[in-house]
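Letter by letter, the chains look like this.
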Amino acid sequence: MGMKIYVVDNGGQWTHREWRTLRDLEVDTKIVPNTTPLKDLTKDQITGLVLSGGAPRIGLDNPLGNCAEYLEKATFPILGICAGHQFMARFYGGEVKPSIVPEFGKIDLTILKKDPLFTGVPPQSIVWESHNDEVTLLPKCFTHLAESDTCKIQAMRHKQKPFYGLQFHPEVEHTQFGEHIFRNFITICED
Amino acid sequence: MFNADKFITETIADLKTKIHGKALIAFSGGVDSTVCAALVNKAIGKDLIAVHVDTGYMRKDESKFVVKMMKQMGLNVRFVDASDEYYQALENVVDPEKKRKIIGNKFIHIFERVAKEEHIQYLVQGTIAPDWIESGGQLRDTIKSHHNVGGLPKKMHLTLIEPLRDLYKDEVRKVARALNVPVAERQPFPGPGLAIRIIGAATKERTDIVREACDIVETEIEHAVDKGQMEMPWQYFAVLIPIKTVGVHGDKRAYGYTIAIRSVQSIDAMTAAYSDIPHDVLDRISIKITNTMGAKVNRIVYDVTNKPPGTVEWE
Numbered sequence: 001m002g003m004k005i006y007v008v009d010n011g012g013q014w015t016h017r018e019w020r021t022l023r024d025l026e027v028d029t030k031i032v033p034n035t036t037p038l039k040d041l042t043k044d045q046i047t048g049l050v051l052s053g054g055a056p057r058i059g060l061d062n063p064l065g066n067c068a069e070y071l072e073k074a075t076f077p078i079l080g081i082c083a084g085h086q087f088m089a090r091f092y093g094g095e096v097k098p099s100i101v102p103e104f105g106k107i108d109l110t111i112l113k114k115d116p117l118f119t120g121v122p123p124q125s126i127v128w129e130s131h132n133d134e135v136t137l138l139p140k141c142f143t144h145l146a147e148s149d150t151c152k153i154q155a156m157r158h159k160q161k162p163f164y165g166l167q168f169h170p171e172v173e174h175t176q177f178g179e180h181i182f183r184n185f186i187t188i189c190e191d
Numbered sequence: 001m002f003n004a005d006k007f008i009t010e011t012i013a014d015l016k017t018k019i020h021g022k023a024l025i026a027f028s029g030g031v032d033s034t035v036c037a038a039l040v041n042k043a044i045g046k047d048l049i050a051v052h053v054d055t056g057y058m059r060k061d062e063s064k065f066v067v068k069m070m071k072q073m074g075l076n077v078r079f080v081d082a083s084d085e086y087y088q089a090l091e092n093v094v095d096p097e098k099k100r101k102i103i104g105n106k107f108i109h110i111f112e113r114v115a116k117e118e119h120i121q122y123l124v125q126g127t128i129a130p131d132w133i134e135s136g137g138q139l140r141d142t143i144k145s146h147h148n149v150g151g152l153p154k155k156m157h158l159t160l161i162e163p164l165r166d167l168y169k170d171e172v173r174k175v176a177r178a179l180n181v182p183v184a185e186r187q188p189f190p191g192p193g194l195a196i197r198i199i200g201a202a203t204k205e206r207t208d209i210v211r212e213a214c215d216i217v218e219t220e221i222e223h224a225v226d227k228g229q230m231e232m233p234w235q236y237f238a239v240l241i242p243i244k245t246v247g248v249h250g251d252k253r254a255y256g257y258t259i260a261i262r263s264v265q266s267i268d269a270m271t272a273a274y275s276d277i278p279h280d281v282l283d284r285i286s287i288k289i290t291n292t293m294g295a296k297v298n299r300i301v302y303d304v305t306n307k308p309p310g311t312v313e314w315e
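Those sequence lines, one after another, are chains D and E.
First residue of the first sequence? That's 1 in my numbering, and the numbers climb one at a time after it.
First residue of the second sequence? That's 1 in my numbering, and the numbers climb one at a time after it.
In case anyone wonders, no lab produced these hints; they're calculated from the structure.
C-beta: ideal position from N, C-alpha, C; glycine also.
Where hints are given, some of them may not hold.
Subject to a maximum C-alpha distance of 27 Å in a straight line, what follows is the list of computed BS3-like cross-link-like pairs (lysine-lysine) [claimed, not checked]:
1. E:98 to E:154
2. D:30 to E:174
3. D:4 to E:174
4. D:4 to E:6
Sample of chain D residues facing chain E (criterion: CB under 8 Å; computed from the structure) [said to hold, decoys possible]:
5. 13
6. 14
7. 17
8. 55
9. 56
10. 106
11. 108
12. 173
13. 174
Kindly produce the complete structure, drawing on both the sequences and the hints.
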């Protein structure tokens, strides 16, 4: 069966870029509103899901449509980006607060822990950011994967499930290994 | 990967089923509208009327060049010189969002006028993905209202056709190359034109200054690229900052505007990094602008902002 990864639209500027990156990697993909019920996604037999970034400050305290239902019941891998990542942290008992240093544009990322999502990505690389809020407390059931000088929790994963959260944006052109990270996520969805 | 040939075949077939009768295309002469016109022309031929509007905010000799190209493409051309109308409408308008909306609205009025005269029901626009993404709506925040999206009136008399909606600029360029369209490699130029390269009121006097400055930036950068001094930027231009500073011109006090040099690398305009322009190129641009403009401009600055946090254009 082919790869089918949908993008849940939380209102980010780069939602369509996520769709495009997946399509460029030959994935069957579609942008769906975040109000889509999980049963519609499972009916389409998707193999993975991306939770997009959001409109300003939405990650801070917004319910983010049906994202909770996906995290609670999904059996496929999920990649949360920016607001999607922040929501994932809140859902699992972590904390999200306004950033002391909001990051925009070019930032140096340091990978702290080996993980299939970062296979082939060097320990130091350039990523592109755009956020006012960030995860300040990692949920207990998550592992901390990457950081930057100005934002501690840049990447995390669930200890049991293939659920990932990224504060930076792998979907934009200027993130050095962005497409590579997407390719790794697709490989994770294949397993 | 994006397949241009497949896109062309499917789009032409789709346009044939969607358009019954005459259609008007808003033709600025950039890559998007030119590609769009070529596609629709293949679908409906002479039923397509291509309208180019000179807003008064075009670059040096641009409208002349565009109309010539339209004729070479075998299009059914209409040319409207609306510069006075635009200068008047934008008199004293400072807010960038207001500028964009007034310009967008004016475009539609002009197109509706032509459509009424010639009994046209469809309006074709070269809208691409960043235009509607950045214009916002529903969940999405408005970063800037693109004239072809945020400038549309609530009630439209024409049916809108936008065949390039899901494409980014690099994909439009692929289609342009496949269609052999002459402007495939042209740098992007915003619909509101020089009006949004002037911070504050876009008067005719300031427009003439920024037009000349844009021309110098373009010429010098293209020259440097030809000589292998730098990589070809995605977009490169001048911005007029209406702040006057003191200078000295031939033992005489000068008090003129500031011009910023903006040049960025990108593939899709959704993120951008400022270009690394060599110092001697900056030097040539600076000397040429200040020497050409006399007392009107006496300070040049270089914009070193990425997107985000900035955007490519300043407004």
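Against the structure, the hints come out as follows:
Proximity of residue 98 of chain E to residue 154 of chain E is assessed by CA-CA distance (about 16 Å); at most 27 Å being required, the pair is judged to hold. A distance of roughly 22 Å separates the Cα atoms of residue 30 of chain D and residue 174 of chain E; the hinted pair therefore holds under the 27 Å criterion. Our distance criterion of 27 Å between C-alpha atoms is met by residue 4 of chain D and residue 174 of chain E, whose separation comes to about 26 Å. For the hint linking residue 4 of chain D to residue 6 of chain E, the alpha-carbon distance of about 21 Å falls within 27 Å, and the restraint holds.
Here the hint on residue 13 of chain D is kept, as its CB sits about 6 Å from the closest CB of chain E, short of 8 Å. At about 6 Å, the closest approach between the beta carbon of residue 14 of chain D and any beta carbon in chain E falls short of 8 Å, and the interface hint on this residue holds. The beta carbon of residue 17 of chain D comes within 6 Å of a beta carbon in chain E, closer than 8 Å, and the hint placing it at the interface holds. Checking residue 55 of chain D against chain E: minimum C-beta separation of about 5 Å stays under 8 Å; hint holds.
With a cut of 8 Å, the hint placing residue 56 of chain D at the interface with chain E holds, because the nearest CB-to-CB distance is about 5 Å. For residue 106 of chain D, the shortest C-beta to C-beta distance to chain E is roughly 6 Å, which falls under 8 Å, so the interface hint holds. Look at residue 108 of chain D: its Cβ only gets to about 14 Å from chain E, farther than 8 Å, so that hint breaks. For residue 173 of chain D, the shortest C-beta to C-beta distance to chain E is roughly 5 Å, which falls under 8 Å, so the interface hint holds.
Look at residue 174 of chain D: its Cβ gets to within about 5 Å of chain E, closer than 8 Å, so that hint holds up.
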